[in-house]
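Participant: Using the hints provided, position chain B relative to the given structure of chain A.
So the protein lines, in turn, are chains A and B. Heads up, the first sequence is in the numbering used here, so the first residue is 10 and it goes up one at a time. Heads up, the second sequence is in the numbering used here, so the first residue is 102 and it goes up one at a time.
None of these hints come from the bench; they were simulated from the model. Please note that a few of the clues may not be correct.
Said to hold, decoys possible - Calculated pairs, DSSO-like style, for lysine-lysine (alpha carbon to alpha carbon, straight line, at most 27 Å): (1) A:K49 with B:K143; (2) A:K76 with A:K53; (3) A:K31 with B:K143.
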Amino acid sequence: DTAVSQTPKYLVTQMGNDKSIKCEQNLGHDTMYWYKQDSKKFLKIMFSYNNKELIINETVPNRFSPKSPDKAHLNLHINSLELGDSAVYFCASSQDASSDTQYFGPGTRLTVL
Amino acid sequence: QKEVEQNSGPLSVPEGAIASLNCTYSDRGSQSFFWYRQYSGKSPELIMFIYSNGDKEDGRFTAQLNKASQYVSLLIRDSQPSDSATYLCASPTYSGGGADGLTFGKGTHLIIQP
Numbered sequence: 010d011t012a013v014s015q016t017p018k019y020l021v022t023q024m025g026n027d028k029s030i031k032c033e034q035n036l037g038h039d040t041m042y043w044y045k046q047d048s049k050k051f052l053k054i055m056f057s058y059n060n061k062e063l064i065i066n067e068t069v070p071n072r073f074s075p076k077s078p079d080k081a082h083l084n085l086h087i088n089s090l091e092l093g094d095s096a097v098y099f100c101a102s103s104q105d106a107s108s109d110t111q112y113f114g115p116g117t118r119l120t121v122l
Numbered sequence: 102q103k104e105v106e107q108n109s110g111p112l113s114v115p116e117g118a119i120a121s122l123n124c125t126y127s128d129r130g131s132q133s134f135f136w137y138r139q140y141s142g143k144s145p146e147l148i149m150f151i152y153s154n155g156d157k158e159d160g161r162f163t164a165q166l167n168k169a170s171q172y173v174s175l176l177i178r179d180s181q182p183s184d185s186a187t188y189l190c191a192s193p194t195y196s197g198g199g200a201d202g203l204t205f206g207k208g209t210h211l212i213i214q215p
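Next up, chain A with everything else stripped away, as it sits in the complex (with noise of 0.2 Å):
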């Protein structure tokens, strides 16, 4: 059974599109992530979100949103994709926010044309 889910595996889409990504964990974990590994293979985190408490690397545009609907989701919602937006995006999860292990989905490659 698979711990931590993502759909769609690949995404195409042009600049300026709007897009989503699902996440899913079934370990009953409280605290999940959505990291971005770009062309150079750099993984870096972008959110945290734990029982509503959403933390932002202050990197990251507003462009990207996560949503929750709840605790065995954090979606991630894209607006006015641009180029630089292609990278595999990784959802994982933690028992807790205190708690350092992680565990990490599939993966979802993005291609902005």
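Facilitator: For chain B alone, kept in the frame of chain A given last:
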């Protein structure tokens, strides 16, 4: 700004030898460190974590932490071709309410030569 540094490699090691992967960090207050393995096109997979100074062994893997030198390493004994991957060193970044997420190094690409 917390930083985690790794040599990007590639690091080439003959099969059966010991692979040594190194990581340094800038934040002297960092308490815990994680090693993730990432195969090409796949997600990061947790290999080991270490909190205390010294060595921690798990099968063929040994993590070493030296907080005085701000240095953490991963040793892989009896290297196998299946160990060929990128190894990411990471440490948590905390706000007042708990972990913000992991700060990753850029990863070391390890190649095990048959």
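Participant: Please go over all the hints and tell whether each is borne out by the structure.
Facilitator: Hint check:
1. A:K49 with B:K143: Satisfied, since the Cα-Cα distance of roughly 15 Å is no more than 27 Å.
2. A:K76 with A:K53: This hinted pair holds, its Cα atoms lying about 19 Å apart.
3. A:K31 with B:K143: Answer holds: K31 of chain A to K143 of chain B is near 18 Å, not above 27 Å.
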